[in-house]
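Residue numbers (the numbering used here), protein chains in the order written: chain A, 1 to 113; chain B, 114 to 224.
Just so you know, these hints were derived from the structure itself, not from any lab.
Incorrect hints may have been included.
[Unchecked claim] Quick list of the computed label-pair ranges, beta carbon to beta carbon:
(1) A:Val60 / B:Thr153: 18 to 28 Å
(2) A:Gly99 / B:Pro121: 21 to 31 Å
(3) B:Gly192 / A:Gly16: 51 to 61 Å
(4) B:Ser131 / A:Asp56: 35 to 45 Å
(5) B:Arg174 / A:Arg109: 25 to 35 Å
(6) B:Gln122 / A:Arg109: 33 to 43 Å
(7) A:Ser84 / B:Gln122: 33 to 43 Å
Glycine is no exception: its CB is placed at the ideal position from the N, C-alpha and C atoms.
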Amino acid sequence: NAGVTQTPKFRILKIGQSMTLQCTQDMNHNYMYWYRQDPGMGLKLIYYSVGAGITDKGEVPNGYNVSRSTTEDFPLRLELAAPSQTSVYFCASSPRDRGNEQFFGPGTRLTVL
Amino acid sequence: ILNVEQSPQSLHVQEGDSTNFTCSFPSSNFYALHWYRWETAKSPEALFVMTLNGDEKKKGRISATLNTKEGYSYLYIKGSQPEDSATYLCAFASGTYKYIFGTGTRLKVLA
């Protein structure tokens with residue numbers, strides 16, 4: 001199993017550009033999450049999904065959108081990139097609810113200039 | 114606003130020392146408390162998930178306790194080794210699916 005994979009590893013965007021961060025898991029997990037990690041801060045939950053076709057906002061959803069058309073994939077979309085979205089983004093998945101550990105991807109480092 | 118606090122923020126210990134960290138979380142609407150180990154340039158990896166008040170978990174030299182009534186969890190490392198150097202994160206899972214992570218305790222074990 002590859003676990004949770006994320007692409008790209010690094011990306012530089014200009015203000016106003018858009019992009020999609022890809023996340024795929026091959027563990028057949030129902031629950032998937034997107035986090036951002038800023039220096040000196042904990043991981044902040046952006047969006048999560050409890051199954052295909054179901055998504056919900058986390059703590060910091062503004063400026064992002066997600067979709068979950070399959071169990072495996074949970075892409076994160078930035079429509080109009082802003083410098084405040086410069087961060088490291090982690091995708092994670094878990095087999096069931098909050099009583100199960102999360103498995104994290106390797107992260108995507110995004111810089112918006 | 115829910116808040117999860119970890120202390121200390123960082124510490125240095127000598128190889129062979131035992132150490133412990135604290136995670137404080139809201140005592141209401143509790144579902145689970147997670148501990149993760151996060152090495153530099155890698156992804157967080159789960160150590161423990163605890164759901165019951167009084168839970169104690171152990172994995173090798175690392176153990177954790179949970180007190181949901183007062184809202185804290187301790188992580189203990191016995192006989193620290195250089196390979197234990199990492200950031201240790203805790204995450205509070207509430208009754209509404211959301212996870213709140215602390216900012217972590219950065220441990221450096223000196224050989």
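Hints versus structure:
1. A:Val60 / B:Thr153: 18 to 28 Å: Taking Cβ atoms as reference, Val60 of chain A and Thr153 of chain B lie about 24 Å apart, which means the hint holds.
2. A:Gly99 / B:Pro121: 21 to 31 Å: With Cβ atoms ~28 Å apart, the hint holds.
3. B:Gly192 / A:Gly16: 51 to 61 Å: holds, 53 Å
4. B:Ser131 / A:Asp56: 35 to 45 Å: Holds, at about 41 Å.
5. B:Arg174 / A:Arg109: 25 to 35 Å: Given a distance of about 32 Å, which is inside 25 to 35 Å, the answer is holds.
6. B:Gln122 / A:Arg109: 33 to 43 Å: 23 Å Cβ-Cβ, so the 33 to 43 Å window is violated.
7. A:Ser84 / B:Gln122: 33 to 43 Å: violated, 24 Å
Violated hints, listed in ascending order, are 6, 7; each of the other numbered hints is respected by the structure.
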